[in-house]
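Chemist: Below, each chain spelled out in residue letters.
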Amino acid sequence: MAVELELEDIQGTVLRSRPMPYFGTYYVFTIDDAGNAITLIKRLLPHITPAANWDAPPENAWINATFSWEGLRKLGLPREILDGFPREFIQGMAARKEFLGDVGLNDPSHWDMPHGGNGLDIGLLIMAGSPELRDAKAAIGREAVAGLGGVRTVNRLDVGLPPTGREHFGFVDGISRPYIEGQGGDPLPGQPVAKAGEFVLGYENELGVIASGPGPEDFWRNSTYISLRKIHQDVAAFRRFLRDNAETSDGRELVAAQMMGRWRSGCPMALSPEKDDPEIAKDPMRNNDFSFRTEDPDGDRTAPGCHIRRVNPRDALDGTVVDMRLHRLLRRGSAYGPVLPEGVTEDDGVDRGLVLAIINANPGRQFEFVQSQWINDGDFISQGERSDPIAGRRDRSDEFAVPRPRHRYKGLAAFSQTRGGEHLFLPGLGGLRWMVERLGPH
Amino acid sequence: MSNLDISPEKAALTQPSSNQPDGPGKRIGKRGEIHVIGNVVPGGGKLFRDRIARFQAEAGYWEKRIGTVHDFRVILFDNDTRILVSAVYDGDFVPYLQDVVTQAGPWFDLLMPGVWEGFTCAADPATAKLIERQAYTADAFYAANPDLTIKDIAKMRRLSEAVNEMLDAAN
Numbered sequence: 149m150a151v152e153l154e155l156e157d158i159q160g161t162v163l164r165s166r167p168m169p170y171f172g173t174y175y176v177f178t179i180d181d182a183g184n185a186i187t188l189i190k191r192l193l194p195h196i197t198p199a200a201n202w203d204a205p206p207e208n209a210w211i212n213a214t215f216s217w218e219g220l221r222k223l224g225l226p227r228e229i230l231d232g233f234p235r236e237f238i239q240g241m242a243a244r245k246e247f248l249g250d251v252g253l254n255d256p257s258h259w260d261m262p263h264g265g266n267g268l269d270i271g272l273l274i275m276a277g278s279p280e281l282r283d284a285k286a287a288i289g290r291e292a293v294a295g296l297g298g299v300r301t302v303n304r305l306d307v308g309l310p311p312t313g314r315e316h317f318g319f320v321d322g323i324s325r326p327y328i329e330g331q332g333g334d335p336l337p338g339q340p341v342a343k344a345g346e347f348v349l350g351y352e353n354e355l356g357v358i359a360s361g362p363g364p365e366d367f368w369r370n371s372t373y374i375s376l377r378k379i380h381q382d383v384a385a386f387r388r389f390l391r392d393n394a395e396t397s398d399g400r401e402l403v404a405a406q407m408m409g410r411w412r413s414g415c416p417m418a419l420s421p422e423k424d425d426p427e428i429a430k431d432p433m434r435n436n437d438f439s440f441r442t443e444d445p446d447g448d449r450t451a452p453g454c455h456i457r458r459v460n461p462r463d464a465l466d467g468t469v470v471d472m473r474l475h476r477l478l479r480r481g482s483a484y485g486p487v488l489p490e491g492v493t494e495d496d497g498v499d500r501g502l503v504l505a506i507i508n509a510n511p512g513r514q515f516e517f518v519q520s521q522w523i524n525d526g527d528f529i530s531q532g533e534r535s536d537p538i539a540g541r542r543d544r545s546d547e548f549a550v551p552r553p554r555h556r557y558k559g560l561a562a563f564s565q566t567r568g569g570e571h572l573f574l575p576g577l578g579g580l581r582w583m584v585e586r587l588g589p590h
Numbered sequence: 060m061s062n063l064d065i066s067p068e069k070a071a072l073t074q075p076s077s078n079q080p081d082g083p084g085k086r087i088g089k090r091g092e093i094h095v096i097g098n099v100v101p102g103g104g105k106l107f108r109d110r111i112a113r114f115q116a117e118a119g120y121w122e123k124r125i126g127t128v129h130d131f132r133v134i135l136f137d138n139d140t141r142i143l144v145s146a147v148y149d150g151d152f153v154p155y156l157q158d159v160v161t162q163a164g165p166w167f168d169l170l171m172p173g174v175w176e177g178f179t180c181a182a183d184p185a186t187a188k189l190i191e192r193q194a195y196t197a198d199a200f201y202a203a204n205p206d207l208t209i210k211d212i213a214k215m216r217r218l219s220e221a222v223n224e225m226l227d228a229a230n
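Sequence order for the protein chains is A and B. When you line the first sequence up against our numbering, it's residues 149 to 590, in that order. When you line the second sequence up against our numbering, it's residues 60 to 230, in that order.
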């Protein structure tokens, strides 16, 4: 039976891809007064954008509200509901730093975006197709909080597509994502079909059960979790690495492509291993239409340890203990900070990077599994302690191996460094109403 | 020196161990251990003994499929009232638990339903929670070559065979 998602009740960011170009803002609020925080939610509620009309939204902008576990605790959610949340959400991302590899340069002591342990109680996500639309939505957020003592804006981060049209390392971003049952339309070639319960609570998941949350269904139905990561990108170090490992411009492009598994245009190496083919990159019917198990089991075209074979191994792990269906992510990435001018290979001290909003109904077996087992470890692909050459930790290994032509790159730097992170709860609109009615003043 | 003092000479080869980063089990290098102790359903002992031969016969097939287990044991004890399952394996325990019970489910289902109290079938998400709830962490643990995983050992074995063949050919 076809799955029918209650799109009017699911917050928009779950199903809507960001516009292109995009202009967004992340606001972080701290709650000092629960009653006023409920008033904030009440004021925001009419403006929260659902996922309905997700292919053709009436306006190309949305505003969504999220909560850390600490935020829900401050709002007065009953203890029996708080205790029923997943362990990862209850503990918060900073507390899970050892498991997630957030050590050394990635340690929460270096984070400049608050987490649930030091100020992130409510997060507001705004995304729009123009600066004007973004500012209009941001004004709603500011007006909602205006005059409310006890709710402080403690952080704001603007995101937007760099003028290059690519993320800061120079890659076209956001090409691959799962197709969620019930989202409408048809899956594209190479796009895996995922049960809705992997991404939204209240629907059947890949274990064949209804994904659920704590407390009454009215609270958790159509909700999900966003695993938020602020990632600082050391673009100068990345460029130096390419420069030091290749003599020509084409050579540098090849090294970058080997590390990612796609050329910087987005063209997969699986389909064009020798040279970039921007036509494939632009064609949604082709740019994801590849697999690894039979076509490239040894990684001759797409290196086993590259970024895309780690975050989405496709069919490469079929026949092993890993059930790929249990570890899918819906990833919304957006860039922040100014572009490092082309050709510059010395750090200018300016912060730039990515904000990843990873949507998952089970943060433990989805985001945290991928981060700890696939991005930060290499044993699942016989790569020992080697980590993701783009996004992985560097305290255990600084190597990346390419099978053909056989080459072992050494001296990978910490190109991507965690600067913030939290597991956030994104209620359905009904859940937000439930919170206002049950937690607000009577 | 009392009996409780650690001898510096004998402790020189001590292995740094820690608890698994995300749940029960001790960890040395890449090697982890786990012990799970459950109750046996009355009458479950007979069922267990009826089924154990097939379970043992299929161990190689399923453990190869899992691919990260160095050794594995199941023991019925205390007059058929309790069951102990223990394993030494590579990497983390809790993150892979759901995958293991999902992928090797048919093997566990050969043996455990009607034997292990609370174990209805591996596909039931409650099974992973049952295992985690009844898991114990070793108080002392030793692992030889703790940084070599099953995959590493298999790779070194292939390499060693190839080197031997090459040397044989050269002679």
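What the hints contain is simulated information worked out from the structure, not anything from laboratory work. All values reported here derive from a predicted model rather than from experimental measurement. Take the hints with a grain of salt, since some may be wrong.
Said to hold, decoys possible - Below, a list of computed lysine-lysine pairs in the DSSO-like style, where the Cα atoms sit at most 30 angstroms apart:
#1 B/Lys214 / A/Lys558
#2 B/Lys210 / A/Lys245
#3 A/Lys245 / B/Lys188
To be verified - Derived list of chain A stretches under chain B, where covered just means 3 residues or more per stretch with a C-beta under 8 angstroms from a C-beta of chain B:
#4 267-281
#5 352-366
#6 470-480
Even for Gly, the Cβ is constructed at its ideal location relative to N, Cα and C.
Chemist: Does each hint hold? Answer for all of them.
Modeler: Verification of the hints:
no.	hint	result
1	B/Lys214 / A/Lys558	holds, 21 angstroms
2	B/Lys210 / A/Lys245	holds, 27 angstroms
3	A/Lys245 / B/Lys188	holds, 23 angstroms
4	267-281	violated (count 0)
5	352-366	holds (count 3)
6	470-480	holds (count 3)
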